[in-house]
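Enquirer: Protein sequences, first through last, are from chains A and P.
In this text, residue positions in the first sequence follow the working numbering: the first is 1, and each later residue adds one.
In this text, residue positions in the second sequence follow the working numbering: the first is 1, and each later residue adds one.
Worth flagging that the hints you see were computed from the coordinates, not collected in a lab.
All values reported here derive from a predicted model rather than from experimental measurement.
Careful, some of the hints might be misleading.
The calculated BS3-like cross-link candidates involving lysine-lysine, where the alpha carbons are at most 30 Å apart (straight line), are [to be verified]:
| no. | chain 1 | residue 1 | chain 2 | residue 2 |
| --- | --- | --- | --- | --- |
| 1 | A | LYS112 | P | LYS113 |
| 2 | P | LYS116 | A | LYS112 |
| 3 | P | LYS116 | A | LYS67 |
| 4 | A | LYS124 | A | LYS67 |
Just so you have them, the derived chain P footprint on chain A, three or more residues with Cβ under 8 Å [stated by the list, open to error]:
| no. | region |
| --- | --- |
| 5 | 37-44 |
| 6 | 60-74 |
| 7 | 94-105 |
| 8 | 114-121 |
Note that the Cβ used here is the ideal one computed from N, Cα and C, for glycine as well.
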Amino acid sequence: MIKSMLQRSFLLATLSAAPFAMAEVSVENGYARAVPPGQMNSASFMIINNSDASDIQLVSGSSSVAKVVELHTHTNENGVMKMRQVETITVPAEGSVALQPGGYHIMLIGLKTDLAEGGEIDLKLNFSDESSKLLTLPVKKVMGGMQGHHHKHH
Amino acid sequence: MKALRNLLLLTVFMLVGVAIAFYFRPQPVEQRIALGEQLGGDFTLQAENGPLRLEDYRGKVVLFFIGYASCPDICPTALAVASQGLKRLSQTEQQEVAGIFMSVDPKRDSPEKLAKYAGFFHPNFTGGTADRETIDKVVKQYGAFYRMVDLDGSAMGYAVDHSSRLYVINKEGKLAKALAHATNPDALAAEIRNLL
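Isolated chain P, as found in the complex (with noise of 0.2 Å):
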């Protein structure tokens, strides 16, 4: 009878155990987003001029990415179509757009070379990065994701994994869209509009 009993509170004890595990489980961006939980936010990064601080982004749309610059492949496609999307506006509607890379790679990554690796994409492209621990809170903030890998034998030295969502930020500062990695230009430029 006293088994009985463990057994059936170890069966509640086990069934809680994974309601809470399936309460806790990542969720993709998206769906976060479908279920009203707000992501996003302002953060303040380090850049070539100073400070770049998203609240004085406030009358723009900005779009944001999280990578890092030597990323051969990844980032510059995202920033391409970021770019390519922009160009499909008008050059007053550009004016109302900005775009901010985030590199997690500080110690690659310096804000010069930040400034110098976004505004290769667009004009209206700005980098920036901060310190181990601003990063963390941002890439939380946004529900992305990185980590550093150490690539043995290669001569990168190491690797970022990262999530590769382009942010879609309204002029308010609040998030609006996180798009999926490479969407077309088109697509972008039509979110873009929806915006202005």
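Excised from the complex, chain A in its bound form (with noise of 0.2 Å):
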């Protein structure tokens, strides 16, 4: 009795310390790239949605699963592709930006395990209000063409 009271008290405490301003940025469809055994690298998708009504900026990342998380883009030149670090993606107020192949990715760099089909990992995102999102996103083999066009918002 006294222990689940003692449960729900800090739960509430939790709770109301918990900062209002969470609940603008919403991450959909993420997932992370199965690559081959021994890859050193992969990257992760998702479309992330901004229901505030000023744009926010996704500064940065982190996974346990990768030595560095960096933010990066692809772009295609008539038909050569470029890959090139950018400082931020942009969530366009009350609108979203999709990370998908051929354009934005978060970029796994160093992979300390195998990406295998079925896996899981976590990713946290650090956004310019100093807001972050944990997420934990499934491993899946990407099989799908790219869609060649990707939200600029910059």
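Combine both chains into one complex, guided by the hints.
Expert: Here it is, written out as structure tokens:
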């Protein structure tokens, strides 16, 4: 009885301590790409939604499966694919940004473990308003084609 | 009068220059093939079990892709599409098709790593690489392009900008098609079947 009361008050304390401003960013359809055993790098893709009235930037990430997590993008210039690191990925106000094959992606560099289909990874995303999101994403084999375009909001 | 003649001469030189530049302008591979230029041809790479020679693949349709294994997205997507296309075919048909992934990044990609990498997508796929001179020759033969780019501040160190076509080579070793990135698997399966 005392234990459950304690638990309840603890829960209440945790809830009231949570900042109210966390609800504006949501992530859907997130996954990490399954890679051949021994591969050093992989990438994670998702759609990030922002219900707030102002833009928000994804600024960094971290994961226990990779030494370094970086934000990258691809551009296709006359069939030549160029991958570049980007400092931030903007999620427009009341809009969304798609991180998808052929465009923005979250690079997982220096994998500490093989990313096999059916597994899961943890991924923490940090945003410009100092909020962060802790995600658990499935590891999937990517088989689809790329869409060839992505939301540009720079 | 002399000034006018000089001006005329200058104009002629300029026009010739423009014509030459136009003649030698880089053209998309598709256009070069359509114009009858013979791209493609044999090559020898270093693979896990020794030399990988395209000429040893006569009698098979070969899907050929040029990239690098630390490529996080474009190369795996291309190989995944190739593998999906291949899986649209019957078992017997699949036995007449092979995939070759050539890495332009031998510093990071050993033949062993490439074998594992390519085989992950389809058991009929294999990978190889070569010395810089050979790589450049094959890249030129196939009208491809790559360039190492330093990624300042990135743990990647460097990336490779590269063209992203999937080359379909017929049973006689001739380049039949250069497909744009991420062609849908059905279209690829149809291309392959045409050549079987």
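Enquirer: Taking the hints in turn, state whether each one holds.
Expert: Evaluation of the provided hints:
1. A:LYS112 x P:LYS113: holds, 17 Å
2. P:LYS116 x A:LYS112: Between LYS116 of chain P and LYS112 of chain A the Cα gap is close to 18 Å, so the pair holds against 30 Å.
3. P:LYS116 x A:LYS67: holds, 22 Å
4. A:LYS124 x A:LYS67: Holds, because 13 Å separates the two Cα atoms, which is no more than 30 Å.
5. 37-44: As far as the region 37-44 of chain A goes, the hint holds, because 7 residues have Cβ atoms under 8 Å from chain P.
6. 60-74: holds (count 5)
7. 94-105: holds (count 3)
8. 114-121: This one is violated; 0 residues, fewer than the three required, reach chain P with a Cβ under 8 Å.
Hint violations for this structure: number 8 only, all remaining hints satisfied.
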